[in-house]
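J.: Assemble the whole structure, with the sequences as input and the hints as a guide.
Just so you know, we're using our numbering here: the sequence shown kicks off at 1397 and counts up by one.
Since the hints were made in silico from the structure, they are not lab data. Here the structure is a predicted model, which is why all the values come from computation and not from measurement. Be careful, since some hints might not be right.
What the hints assert, rightly or not - Each pair of labels, with its calculated beta carbon distance range:
#	residue 1	residue 2	range
1	Met1511	Asp1472	26 to 32 Å
2	Ala1537	Arg1714	48 to 54 Å
3	Asp1472	Ser1528	41 to 47 Å
From the three backbone atoms N, C-alpha and C, an ideal C-beta is built for every residue, glycine too.
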Amino acid sequence: AEPPTIRIFHPFYANSSFNLDFDILIAFQGFDDGGIHYDTAHTACAILADNQWDGYFSRDIHGNIKVHPADGVLRDSSYYFCLPSSSDPSRDPYPVIPRFEDWRFPHNNLPPIWMRLKEQLFAEQETKQARSGHCSLSDCADAVETAHLVPTTQSHWWRINVMKQHVRAPLFSTNEIDCPANPLPLRCDIRRMFDERHFPFVPKTAIARDQERMLSPPQYTTSQRDGHDNLTSSPEPDQDGNRGSQAKNPPKAQSVPYLVGHVFNSTPAGQLPGRWHNRRLNTLPSALSVECLFARFAWTIFAPSVSRYFLDAGEGRRLLVWNDAKQPNE
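T.: Here is the structure:
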């Protein structure tokens, strides 16, 4: 069965449009237990709204019915992303970033779950050694290639955003973007889908249905067969809106963020979510930067296949872009 689609609207334009489909700020496929992980959706919308981490989801355009599910999954078909700076979000045409090139990196201002991930990975890198030559996602040692988190095509963006400040290891290349903080080893087929912006890697706390794959990264052996992990059906919510026993009693691991794959759009064969969605990564290169992972997440959501609706409406939009003088313009 096709996963549900969760649509996030800009409340100002949804208030005045005859065709709501073109006022979708961003849409997600419900691969997270029939919905979309709250922090992933929130961070994506906040980036589009110029790094407004204090934004919130509401069921109405006036921002009166705020939503933050206890189990961390948004399952309704539609929500509005509102900013607290307005008393009535339906009258606030807050500007939207249209392209990755216009997005400015939030130095020293990552969202809370990404800051927790940074602390978690730093602690792990102090005690674990990455397996040289192994894919960070599949743990396979064959046909492994080097993927750049911030693509080499974005060297200009890298320079004007001064990303070199997040490099901890020495640079052995004249090209800053080749620094040790940016490369990630991935199996060649996974790297191709990664570079096609089908998925980035994001921090998530345990989601009931996918808890096992989130807590235990894959270990590749010569006897392992590359099968398809079938997605199980989502349990029906009880009278309190909870799904399954772990919704009421989340595991202790709930507060620990794990770095996992998040599929925004699947491949034609449809196997990508079953194999790699919410799959935890293995040990990462010690010099890898969380800031580069975050930039990759942003680069992915600016893909036309992910946030295509809002700019295709053929109607006036309030956008925030940067000119050649490095100044923002609306």
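J.: It remains to establish, for every hint, whether it holds in the given structure.
T.: Checked hints:
no.: 1; hint: Met1511 / Asp1472: 26 to 32 Å; verdict: holds, 28 Å
no.: 2; hint: Ala1537 / Arg1714: 48 to 54 Å; verdict: holds, 50 Å
no.: 3; hint: Asp1472 / Ser1528: 41 to 47 Å; verdict: holds, 45 Å
In the structure shown, no violation is registered for any of the earlier numbered hints.
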